[in-house]
Amino acid sequence: MRISIPILVAAAFALAACSTTGDNSGSSQSTSSGKSEVAAAPAGSKPGSQMDLSINVGDRVLFDFNSSALSRESVTTVTRWAAWLKTYPANSVVIEGHADERGTREYNLALGERRADSARDYLVSLGVDAGRVKVVSFGKERPAIAGSNGNAWAQNRRAALVLAK
Amino acid sequence: MNYKFKLPRLFSAVLAAFTITVIISAQVRAEITVDITQGNVEPLPIAVPDFVFKSDSDAERRFSTDMAEVVAADLERSGLFKPIDKLAFISQPDGPAVTPRFNNWKPLNAQALVVGEVGIDKNGALRVSFRLWDVFSEDQMTGLTLTTTQANWRRVAHIIADKIYERVTGEVGYFDTRIVYIAESGPPEKRVKRLSIMDQDGANHRFLTDGRTLVLTPRFSPAQQEITYLAYFNNQPRVYLFNIDTGEQELLGDFPGMTFAPRFSPDGNSVVMSFAENGNSDIYVMDLRTRKRRQLTDSASIDTGPSYSPDGRRVVFESDRGGSQQLYVMSDNGAGQKRISFGEGRYATPVWSPRGDLIAFTKIFRGKFHIGIMRPDGSGERLLTRGFLVEGPTWAPNGRVLMYFRQERSDERGRGGMPRLFSIDLTGFNEREIGTPVGGSDPAWSPGPLIQ
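Quick note, the sequences are listed as chains F and B, same order.
In case it helps, our numbering puts the first sequence at residues 1 to 165.
In case it helps, our numbering puts the second sequence at residues 1 to 452.
What you were told as hints is all true, and nothing was included just to trick you.
A few chain B positions that, by computed beta-carbon distances, are all more than 12 angstroms from chain F:
1. LYS82
2. ILE120
3. LEU146
4. ASN152
5. VAL172
6. ASP201
7. ASN204
8. HIS205
9. GLN295
10. ASP311
11. GLY334
12. GLY336
13. GLY380
14. ARG382
Taking beta-carbon pairs under 7 angstroms as the criterion, some of the chain F residues facing chain B (in silico):
15. THR104
16. TYR107
17. LEU109
18. ASP117
Simulated from the structure, these hints should not be mistaken for laboratory data.
We treat Cβ as the ideally placed atom computed from N, Cα and C, and that holds for glycine.
So here's chain F without its partners, still in its complex pose (with noise of 0.2 angstroms):
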């Protein structure tokens, strides 16, 4: 059941990369962090929107199986989040904390919940302002891929950034 974590992150965003850019891609610096690659966004992408935050800076975070705890992969992503809210000042964010399909339905609520909380705890300690910053769980509700294997699963415990309306 447990999946070896560390290369399905990378895959994962490798994919997820992928399946948001369309077209035109320029995600070859897109897993690097710090300001200037922010502000120098591809075409397509407006800087400081959405898209901008899924291309360029990841919009999202992977967790093991029913833990909240964050990896070194995901450190380094929230890092690259607040750098982007930095950036951004004008921008605020709700982070959606979700589940995979293997947990009970009011659990996996709660355990959406903290792995949301777990990414703001550290966004908010690299000094992003608690107020610029959201949390909503959809636990199993909402999987990003559909299917019942382990990498469905791997992809599906996740928290994503989302910029708010």
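Model the placement of chain B on the given structure of chain F, informed by the hints.
Okay, now just chain B, sitting in the frame of chain F:
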């Protein structure tokens, strides 16, 4: 002898037009009994001929057939009765007031015979009588006369089936009950969920919400035409009350974060639920009259899935405070929290039986999900069914039958994973699907009516 029927307010609106008279004393000696505690019993052969009708109106003719069908279907689904094929009948009964020709039913091995009669009054009211006969001892076992509106004909049939079930098994019937659940449609990533209600047999199905808002985990009030459930209005998951009659929805409490897992107290005066804050979920109870809330658990863990004992004095819940999801019992003020589940695996969604003797739960063990039961002290664990995913048991009001939902593994396009509703006897036998128009999950059985 007349009995007074005390009906809970949940159904009082519908039942206002009912006049009910028990026409046969329950003291009559009879031979037939079914002991439903004994697991896989041989179903009792029973004959349910079309009801006799007085005039020859199309309406009476229709009720004659349809009501007999509903009664027979209820009894058959219980797994305890085997209705005999109508084509085998030698004769039709003459009516409930006439002693049947038992020799015409004995060759069919009919142990019991239901003789019903329908009539429509001058003012359009539906009048129904029935008697239950023990074919071999030639005794009357029970009977009933009801007068109601024609629109209530299915409920009358369910009430008759309940009387038969009660007379033969000694247990309270559960056919005149309803189910609230979540109807599911669409792909997993964009699943549409609608609050829905139906009779226990799937009839009179109604969608209560339009599917634009995600809704989860409904529960009936034991006292009002109300449901408590979780809704994502404005993407904020909160516990709401839903009025079944008016469709009005009301936010319950002004919690600053997610509230979820709501259940009514047995007296209907409060709702117990979880509130999530800073990665930590605790259990709170809200008094519906004062709207004051009280915190029952305070641990740095996920405490959820609360369920009251029928006397309202204790609450069973799940918590991962010990490292994994397990079941705990506490008093209704939060004192004396004590773990009761000690088996291998994770335990979730505890539900206290309306009889008080058992707690049903979901268990995750060796990669499979199970529905099980244990005593309130944690002893006597028994697993009733299992699957890729089975979850969320709910008790029939007589504490003899459980309903839950089942979901199979889906392929990478999400096909094959639509959840469906099932029921199963406490004995682990008689597992059956409850048909719904689309997928179904999170069923909750209505708490009554309890006839006293």
